[in-house]
Amino acid sequence: MSGEARGTETLEQSLARLEKLMAALEEIADGTGREAARELLALLLDLHARSLARLSAIIAASDNGAALLEKIVEDRDLRAILLLHGLHPQSVENRLLDVIARMQPQWSARGLHVSLVSASKAFAMVQLQRNGVAEPTDQLRLEIENALTDAAPDLDDILIEMDMTALYTETAA
Amino acid sequence: MERIESGNWASRLRRFVSATEEEHCEFCSKAIASRHAHLVERATRKFFCACPQCAFLLGGSERFAALRARADALDDFNLSDDDWQGFRIPIDLAFVFHSTPAQGPVAIYPGPAGAIESPFAADGWSRLIAANAMLADLDPDVEALLVNRMNGAREYYLVSIDRCYALVGLIRRHWRGLSGGAEVWEAVRDYFTNLRDDVETKDRVHG
Ligand SMILES: [Zn+2]
Ligand SMILES: [Zn+2]
Chain A
1 MSGEARGTET
11 LEQSLARLEK
21 LMAALEEIAD
31 GTGREAAREL
41 LALLLDLHAR
51 SLARLSAIIA
61 ASDNGAALLE
71 KIVEDRDLRA
81 ILLLHGLHPQ
91 SVENRLLDVI
101 ARMQPQWSAR
111 GLHVSLVSAS
121 KAFAMVQLQR
131 NGVAEPTDQL
141 RLEIENALTD
151 AAPDLDDILI
161 EMDMTALYTE
171 TAA
Chain B
1001 MERIESGNWA
1011 SRLRRFVSAT
1021 EEEHCEFCSK
1031 AIASRHAHLV
1041 ERATRKFFCA
1051 CPQCAFLLGG
1061 SERFAALRAR
1071 ADALDDFNLS
1081 DDDWQGFRIP
1091 IDLAFVFHST
1101 PAQGPVAIYP
1111 GPAGAIESPF
1121 AADGWSRLIA
1131 ANAMLADLDP
1141 DVEALLVNRM
1151 NGAREYYLVS
1161 IDRCYALVGL
1171 IRRHWRGLSG
1181 GAEVWEAVRD
1191 YFTNLRDDVE
1201 TKDRVHG
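Just so you know, the sequences run in chain order A and B. FYI, in my numbering the residues of the first sequence are 1 to 173. FYI, in my numbering the residues of the second sequence are 1001 to 1207.
Bear in mind the hints are in silico, worked out from the structure with no lab data behind them. Mixed in with the good hints there might be a few duds.
Said to hold, decoys possible - Computed beta-carbon distance windows for the label pairs: (1) A:Ala60 - B:Asn1194: 28 to 34 Å; (2) B:Arg1035 - A:Lys20: 35 to 41 Å; (3) A:Ala66 - B:Thr1100: 41 to 47 Å; (4) A:Asp63 - B:Asp1123: 55 to 61 Å; (5) A:Gly65 - B:Lys1046: 43 to 49 Å; (6) B:Pro1101 - A:Ala42: 40 to 46 Å; (7) A:Ala57 - B:Asp1197: 18 to 24 Å.
Ideal placement from N, C-alpha and C gives every residue a C-beta, glycine not left out.
Using the sequences provided together with the hints, build the complete structure.
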């Protein structure tokens, strides 16, 4: 890909390509080459992580630093990179609570209630109460999962726990 | 807002670069990060590597307990020398924890064979908890009270059980002769230096 094309690529396109390249690299039979590429990538990420951590610390310690950081994470590209390096100023828990609060009116209007049960560095769990809503489970799950993973792509997984009424309506159906 | 299709891309990229030697969850076989959760089987005290889901679902069950890294120093611990002597532990270094299979407190202390395990007087343990409220929330099978009274020290810590086994292993490797030899006590000193460092530089980030 030419430098020019790279410059106009959106974040989504870059990440999709990143995904493909990682998969391609996993397929390489030559173990030495594969590990060298992986190490190179790890080293580059480390170099950036180190500098970005210091940069964040300098910003946070300066006047209006907190406000500035908030503004920085409003930028999608910057937010993505800070998330990648674990430098997002908000904790996973707060990011998830924010997105739930933002989506709740929309979900409530459909009779749904989502609440955060737990959040750790790798894994979060939310509870979905459907109050008898008949929408297909898979679709609901996907919708909620998508909203939450966008806010926390650094989590390994987000588990959605359905309430018992949901279970009941499904077995009854 | 436009959606990033790749979902948890940040987590996967991090795993990708750190996946030199791939480790797997011992319950569901899924690949796991090099830093991962561990479950302890209560009856056997065997450690198992676990993915976040299995750790969440199985941890705290009847059979398994989730191991959480813990190293807290107890600065205002109440234990008189007479009380300590009453526990009849022949050495000034011991771990005490609540064992579910033993249905009571158990003490582990170093000996020539590596470590000696003995039941800890239940009333002594109750007295300790009464005098030190923080002991009440010790997680059975996975967290222990560590007592170091060697050479006049009066240090007490709450630690995860992996640290007990680390000390047991270290003593087994370094013990020489009847009294252990200088080498083993040097290794124990290093262990406590590391422990104190971990207490001080503890990760205070959420999670
Ligand atoms: Zn698993
Ligand atoms: Zn492991």
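Please check whether Gly65 (chain A) and Lys1046 (chain B) have a Cβ separation lying inside 43 to 49 Å.
holds (48 Å)
Using the Cβ atoms, figure out if Ala60 (chain A) sits within 28 to 34 Å of Asn1194 (chain B).
Since the Cβ atoms of Ala60 (chain A) and Asn1194 (chain B) sit about 30 Å apart, the hinted range of 28 to 34 Å holds.
With respect to the beta-carbon atoms only, verify the hint that Asp63 (chain A) and Asp1123 (chain B) lie 55 to 61 Å apart.
holds (59 Å)
Range agreement (Cβ of Ala42 (chain A) with Cβ of Pro1101 (chain B), hint 40 to 46 Å)
42 Å Cβ-Cβ, so the 40 to 46 Å window holds.
C-beta pair Ala66 (chain A), Thr1100 (chain B): status relative to the range 41 to 47 Å that was hinted
Check passed, 46 Å falls within 41 to 47 Å.
Taking the Cβ atom of Ala57 (chain A) and the Cβ atom of Asp1197 (chain B), is their distance within the range 18 to 24 Å?
holds (22 Å)
Please test the hint of 35 to 41 Å on the beta carbon pair from Arg1035 (chain B) and Lys20 (chain A).
violated (27 Å)
When held up to the earlier numbered hints, the structure conflicts with hint 2 and nothing else.
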